[in-house]
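Visitor: Chains as they are written, first to last, in the working numbering: chain A, 4 to 278; chain B, 4 to 88.
Please note that a few of the clues may not be correct.
Derived contacts from chain A toward chain B, CB cut-off under 8 Å, selection only [to be verified]: (1) 233; (2) 237; (3) 239; (4) 243; (5) 263; (6) 264; (7) 265; (8) 266; (9) 267; (10) 268; (11) 269; (12) 270; (13) 271; (14) 273; (15) 277; (16) 278.
Every beta carbon over 12 Å from chain B, so not counted as near; a handful from chain A, in silico [what the hints assert, rightly or not]: (17) 81; (18) 174; (19) 211.
No lab work stands behind these hints: they were computed from the structure.
Backbone N, C-alpha and C fix where the C-beta goes; we use that ideal spot for every residue, glycine too.
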Amino acid sequence: MKIEQKKFKFFLTILVFLGGISVLYAAPTRIMPLGDSITFDAKYDDPRSDSERTGYRSHLYYKLVEAKYEVNFVGSQIAGEAITPPFDPDNEGHPSWTSFDIAELAYTFMSQSNPDIVLLHIGTNDLTSTTPWGVDSTLNEIDYYERKTGRVVQVIVALIIDRQIHDGRIASFNSRLKETLEQRIIDGDNIIMVDMYSGAGLTSEDYADNTHPNDAGYSKMADVWFNALMQPYTPALYAFPSSIVDSSYIQSQTVDEAAQSVTFITEVPDTGINF
Amino acid sequence: MKQILIFLPSMIFLIGCGGGSSSSSPVSNSDYAGPMAISEIYTVFPGDSVTKDSASPLIKIIHIDGATESTIELVEGNATIVRKP
Numbered sequence: 004m005k006i007e008q009k010k011f012k013f014f015l016t017i018l019v020f021l022g023g024i025s026v027l028y029a030a031p032t033r034i035m036p037l038g039d040s041i042t043f044d045a046k047y048d049d050p051r052s053d054s055e056r057t058g059y060r061s062h063l064y065y066k067l068v069e070a071k072y073e074v075n076f077v078g079s080q081i082a083g084e085a086i087t088p089p090f091d092p093d094n095e096g097h098p099s100w101t102s103f104d105i106a107e108l109a110y111t112f113m114s115q116s117n118p119d120i121v122l123l124h125i126g127t128n129d130l131t132s133t134t135p136w137g138v139d140s141t142l143n144e145i146d147y148y149e150r151k152t153g154r155v156v157q158v159i160v161a162l163i164i165d166r167q168i169h170d171g172r173i174a175s176f177n178s179r180l181k182e183t184l185e186q187r188i189i190d191g192d193n194i195i196m197v198d199m200y201s202g203a204g205l206t207s208e209d210y211a212d213n214t215h216p217n218d219a220g221y222s223k224m225a226d227v228w229f230n231a232l233m234q235p236y237t238p239a240l241y242a243f244p245s246s247i248v249d250s251s252y253i254q255s256q257t258v259d260e261a262a263q264s265v266t267f268i269t270e271v272p273d274t275g276i277n278f
Numbered sequence: 004m005k006q007i008l009i010f011l012p013s014m015i016f017l018i019g020c021g022g023g024s025s026s027s028s029p030v031s032n033s034d035y036a037g038p039m040a041i042s043e044i045y046t047v048f049p050g051d052s053v054t055k056d057s058a059s060p061l062i063k064i065i066h067i068d069g070a071t072e073s074t075i076e077l078v079e080g081n082a083t084i085v086r087k088p
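Here chain B stands alone, though its shape is the one from the complex:
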């Protein structure tokens, strides 16, 4: 019984985290570091940075007042997300 009580919530947790499309969910891209994909949405936090990999990359940034994070999206060109160490 005890094992069932441990097993079931774990399964629910794993199923919940594994569901949904990672390519459109900003939450699942909140720790990704590396080259950005066009139209992919990422979440960045204080200390993170974006560097350019091509001549004139454009990114869209959305920020909500009072929030620490922002969401970003590569619109054109190439850029990389560098996470705070």
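Just chain A, with the same shape it has in the complex:
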């Protein structure tokens, strides 16, 4: 009996030790840079190989690491793996894709990479269209992914950068996108809106061509993403409502990070609500 007790205590000690390690080790946050050539870092007449393309991603990665933010960039594309200092080159940037192209495959991207956070900058290639429906559809696909998997995804959506020569279409697109995003936030969507259009501080000096930033411009974009990522974010608050009632019954949802609370209004299903 004494030997058995000793064995039990030994295994219990091991279990407690392993449990302690798992608590101490927090998995890195999976961040998906999702967009077009501005995300991938492709520009007109670009002689660089994909392994040298970094865009805002390298700048953002270095800032996050310096801030002790455990990050894992995810996505099906790889770009920038040859540069130094090394950074995580995974991304979901697709040169020349429109917001509608992105929307068509957004659910697939989410399912393949399972991000915790998405950095979304799309619409530059929508050409003559000023509607935000491609972005809206992309967000719907991400919502669908959340419902199917039960995972919570925060989407940081950008009002997109202007071209070096002012493009009135982009201004109109951003104006309509802003309205759409504000309504989605009111409706409880887990979205942060960032203003790359006027908030990044890009000037004509920050462009490599009429559409794509140069390294200085990309560094400014990285600052905007970084500031958004540094905001308080408690995923458990966003997850709580749908953990007790199907999201189709929830009419509105508001998270107060300062108070660490979530308030939501919901219908009561026929099966009731179990706490």
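Following the hints, position chain B against chain A.
Guide: Relative to chain A, chain B alone:
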């Protein structure tokens, strides 16, 4: 003297518990079970449930991260709180 020492704290306890409006204090509605009143605030715990008594009742739920309980309020329609047995 001993009786006074027992009596006084008991009175203070009873007065404290009896004071305040039970209709607005979530603490006093933490064990109520039955039909909810509109705009009344209740506290619910794991194992409790809310059932619908009308076509489309709406309730407001407030939850603080890390807490086991939540507070609820009937906004519209009819619903009932069922406590964990």
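Visitor: Are the hints correct? Go through all of them and say.
Guide: The hints, checked one at a time:
With its C-beta approaching chain B no nearer than about 19 Å, residue 233/A sits outside the 8 Å limit, and its interface hint is violated. Below 8 Å, beta-carbon pairs count as interface contacts, and residue 237/A has one with chain B at about 6 Å; its hint therefore holds. Satisfaction of the interface hint for residue 239/A is found here, the shortest Cβ-Cβ separation to chain B being roughly 6 Å, below the 8 Å cut-off. With a least beta-carbon distance of about 5 Å to chain B, the hint placing residue 243/A at the interface is held under the 8 Å criterion.
Annotation: interface hint on residue 263/A holds; nearest CB of chain B at approximately 4 Å, less than 8 Å. For residue 264/A, the interface hint holds, since its Cβ comes within 8 Å of a Cβ in chain B; the closest pair sits about 5 Å apart. Annotation: interface hint on residue 265/A holds; nearest CB of chain B at approximately 5 Å, less than 8 Å. Taking 8 Å as the C-beta contact cut-off toward chain B, the hint placing residue 266/A at the interface holds, the least distance being around 5 Å.
The criterion of a C-beta within 8 Å of any C-beta in chain B is met by residue 267/A, whose closest approach is roughly 6 Å, and the hint holds. Against a cut-off of 8 Å between C-beta atoms, the interface hint on residue 268/A holds, since the closest Cβ of chain B lies about 5 Å away. About 6 Å separates the beta-carbon of residue 269/A from the nearest beta-carbon of chain B, less than 8 Å, and the hint is met. Hint status for residue 270/A relative to chain B: holds, with the closest Cβ pair at about 6 Å, below 8 Å.
The closest approach between the C-beta of residue 271/A and any C-beta of chain B is roughly 4 Å, which is under the 8 Å cut-off, so the hint is satisfied. With a cut of 8 Å, the hint placing residue 273/A at the interface with chain B holds, because the nearest CB-to-CB distance is about 7 Å. Interface hint status for residue 277/A: upheld, as the beta-carbon distance to the closest one in chain B is roughly 5 Å, under 8 Å. Look at residue 278/A: its Cβ gets to within about 5 Å of chain B, closer than 8 Å, so that hint holds up.
Here residue 81/A stays apart from chain B, with its beta-carbon at least about 37 Å from theirs, past the 12 Å limit. For residue 174/A, the shortest C-beta to C-beta distance to chain B comes to about 39 Å, beyond the 12 Å cut-off, and the non-interface label holds. The non-interface label for residue 211/A is consistent with chain B: the shortest C-beta to C-beta separation is roughly 44 Å, beyond 12 Å.
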